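Protein chains in written order, with our numbering: chain A, 172 to 413; chain B, 34 to 382.
Everything labelled a hint here was simulated from the structure, so no lab data went into it.
Keep in mind that a hint or two might mislead.
Stated by the list, open to error - Have a look at the derived ranges for each label pair, beta carbon to beta carbon:
1. B:C156 to A:R290: 33 to 43 Å
2. B:V283 to A:T341: 57 to 67 Å
3. A:P288 to B:F230: 48 to 58 Å
4. A:R290 to B:F237: 55 to 65 Å
5. A:T341 to B:C156: 46 to 56 Å
This one's a predicted model, so the numbers in the text were calculated from it and none came from an experiment.
Don't be surprised by glycine CBs; every beta carbon is placed ideally from N, CA and C.
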Amino acid sequence: MVEVLIAGDSQTGALFHRVRRHPNVALVAAPGQRVKNIQITPDGQVTGYEVQLNSPAAPALHRFDLAYIYADMAEPLTLMPKRLHRYSAAYLAAHVTERLQDSHSIRLARAMAQVLPPRRIILIPKPIPLSRARAGFAAMTLQDATARVQPHIGFPIAHLTSGICAPDGTPDPAFYENSADWLGEVPKPDAKPDHDNDHLNTRGGDLLFEAFKRDVAARFIPARGNRHRSSPPTHPTPPPPP
Amino acid sequence: MNQSPTSPYADLPDHAFWKTAVSTRSMFDISALWTPRFALDATTPVVTYGSCFAQHIGAALRQRGFNWLNMEPPAGDAPRTDPAFHYNVFSARTGNIYTTTLLRQWVRWAAGAATPPDEFWTCGDRVKDPFRPRIEPDGFASLAEAQRSRRVTLNSFADSIRRARVFVFTLGLTERWHHLTEGYEYPLCPGTAAGTFDPTLHGFDTLGFADTLESLWDAIHLMRQINPDLRVLLTVSPVPLTATMSGDHVIPATTLSKSILRAVCGELARTLPHVDYFPAYEIISSPAFRGTFFAPNQRDVAAKGVDCVMQHFFDALDTSPAHAPAPPPPDPAHVICEEALLARAKGLH
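For reference, chain B alone in the conformation it holds in the complex (with noise of 0.2 Å):
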């Protein structure tokens, strides 16, 4: 007599059932969403950079005594000032990085494998550096200063990515702003928050799922020629698009965008080995969290949104510091989003 074949479906883990997993259980009951490629324990040196999400990552790592590496440290011992100085934000001085694209030019000019042009705003006697325009709030004094600092930052960035033993980044934009004959990127629009916008200099374009691909394995790719030991965790930022260029409505590009960037980050982690995702943007945007996370302008992540992501990783990993108490959660409002300043353009605040 032969045995009806079983299912597939029928051995697997509850996780893998929505009604199980999700349905018959509080949000806060919801578990297991990762299972961690690589091991991160308290002693692994981690860098985080990328958007601004990826700023609570590097805080709660911080907070949690993982071993952070901070490349570019500030003066003595964090003062207030630090973080308007953009100190202690992410493990050396980028500036917020948006796009993979621009991942890639950081670790090319890191790397040697390009050398960053020689541009440069002036704002009255001040000098702001067009790839970090907010890192000095008022600017730097001089040229000179300006130049060094930029020095300062591309060998600390390099520094960090042959000390580190895990990278992480979080994807936050497929839009970007570049020079139209150079062709070098910019991390925010001229003009917006420093600058002057000329459209016989400045182009809008958006990446699509090939370029975000192809320029993030390049900058892993790279990035492992310095150090063939680094692993690569991916997150992708939730939190919505402040503006769209694309003629678009805001709801619909910011769909596009980070489905492009979700989809790239789940190509990468199933084809290399050492590549992993974590999924803080789906705790926070998915249906099953019913938008609790949400600031009430439906963009900001409130600061329970950061800890419950947070208590995620730590509990995923299994580490002893993640069995410690909780420290407060960072306090969102204290997270540097270079990109929010676009709506200013506009007069939104």
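Just chain A, same shape as in the assembly (with noise of 0.2 Å):
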């Protein structure tokens, strides 16, 4: 059985009540802290995390077939500043292609891919467009900065907004709601208002799950045919215990 793990933010509050049926697809979430929280130990356990589905305590790294990290890489573009018509069209995707390699999202990654290949550290950008992120930054959208960002980083990214959002990236605000929906899993947080139609909600959710299902078998197939293949065990070994 393909075992996976989805760490996120609050983002992933959407995908709960599918997760819970799935028990080979764990899931850890740091909701409020982004992903800066999630740490992987020296010995491969990921720590750091608020809420989790299917996990034991600090879940082993190098279980799972394949990581995924479903959180707001655009994050780091919450500390741009408002005066944006300043900047040449250039100089501003040169930045965000920068600032987004620095994303929280991309260093949990990076740590991740001290237990697990690259290729199996998948991340999952919260789909809204950078323009509902930035004001002022219409000109890109999400996918145009993850496309910037993707030569740089090393690791796959997923869009997985088939459904959910317009080909442009746009969300149907059908599928959103104010905050997120965690299901009883923790309190609820209180609608904010610049968190305007921010979360998925779980109409969202089910079409982003069966997304990141066929993802999974996408990815998962073709390495598990190089593995009966005689090719190095896709495990890598677990470093010693400390």
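Take the two lone chains, each set in its own frame, and fit them into one complex as the hints suggest.
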């Protein structure tokens, strides 16, 4: 059975009720903390999360075939200034590319890469256009930005927004709500004015999870085929205990 | 009995004599090269412009925690891409200002005393600003974007004059290129970094002492009309010419150019109380320093040279930041020297 880990922030709330029905999918989340508190210990354990499903305490990362990080990859852009009209499109594109490479999501991916091969760590960007995240920077969608980042980071990026967003990345409001749906796992945070329709609702979560399963299948089946052709084991040797 | 008059040289300090100031000292013990005319401490708003060597002064001021004004800051907190786009290089995104006439042109535009021309260059589907040809590595996406960016820079440059207490300017060249009919000046020969050279439109000349003195005086006068409290600190870039169009060998052409610039600085510092000169040029180029601070190509200034210059600068200011541990010297490889492109025109790198 394929063992998959999803690590993320409050965005993962919409996936909860589907993840519960799939014991081979573990989920760890740090809602409200982005993913900056999630850490990988030297012996490969995942720590720092607040919520988990289908997972023992401090799961060992090396037991998973694939690890997905579902969070707001555009989060560094929240530090960008407002007066973007001062800058050229080329500069902003270069700046965004650099900033995105320093997101908490990619830092977590780099930490995971100490345990898992980078090709098995997949980033799922939070499906919102950057124009939503950064007023005044409407010229670039999240897909544009992640396409710029992709060659630099060494991790696959999965756009699993089919049915949830328009082809240009614009979210369909029917699948969004003001705050995360945590299904009683944690207190549902109050709706925030600046989080207008910022999280997927349950219907959106269903669509996302279906896309996620298709992505797992597409990635894992070739990997398993390789394993059966006497290629090196895909599970790296766990580091010795400290 | 008449006492013979004592020579006026008798009471001069050690630094006035070559033997005691230079010959009997290690070059690294040479001191008291500069006595600042006006205060410049960590709180003094200071801006830096000029040739490529001016970038070192701005960087050193910033690293030492001085109040270096960045009137056209990059987005966010200065990622690696910023210097390529000329952010954090000078106090506004002017690019290198090599000549005193180019400085006067920028000041006139910023003060509204003259209007910048509408000239922009197209490179494929990109647009370059002839007066800042390298601030966007790949050019602007549109003419409107290039025009908007130039307006932003002119406003930032004007703001920097208004808000600064000390305006540091490094003089670099006397050779220049200008538009033959309109008269305005380019920072770099058209066709070098961008644009197309047209001998019917683009002319070359060399500024002499009088032209250099007058244009720098004009620029300072106009800046002080904007900000009467402004002080000006001049330096001369010790970096030799990359190439000369004068017809002379590049060595005498360099000597002539630097001599004019140095003499103008001396003249203005001697006659205007709000102008001072810091001898960065001498620290690198004087025979006392034996060429030690030049890179192997004998043109670029090595990091140790920059560090030595700035150590003299901060030691003379005698401010508390100067007594803090010196940060690593800026890497000269990161200095943006548009003039160096002239050598590429001949296939020299």
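Hints versus structure:
For the pair B:C156 and A:R290, the supplied restraint of 33 to 43 Å holds, since their beta-carbon distance comes to about 39 Å. Checked against the hint of 57 to 67 Å, the C-beta distance between B:V283 and A:T341 comes to roughly 59 Å, which is consistent with it. The given range of 48 to 58 Å is respected by A:P288 and B:F230, whose C-beta atoms sit roughly 53 Å from each other. For the hinted restraint 55 to 65 Å between A:R290 and B:F237, the CB-CB distance of approximately 57 Å keeps it satisfied.
Judged by the Cβ atoms, the range 46 to 56 Å given for A:T341 and B:C156 is violated: they are separated by roughly 33 Å.
Hint 5 from the earlier list is the only one contradicted by this structure; the remaining hints agree with it.
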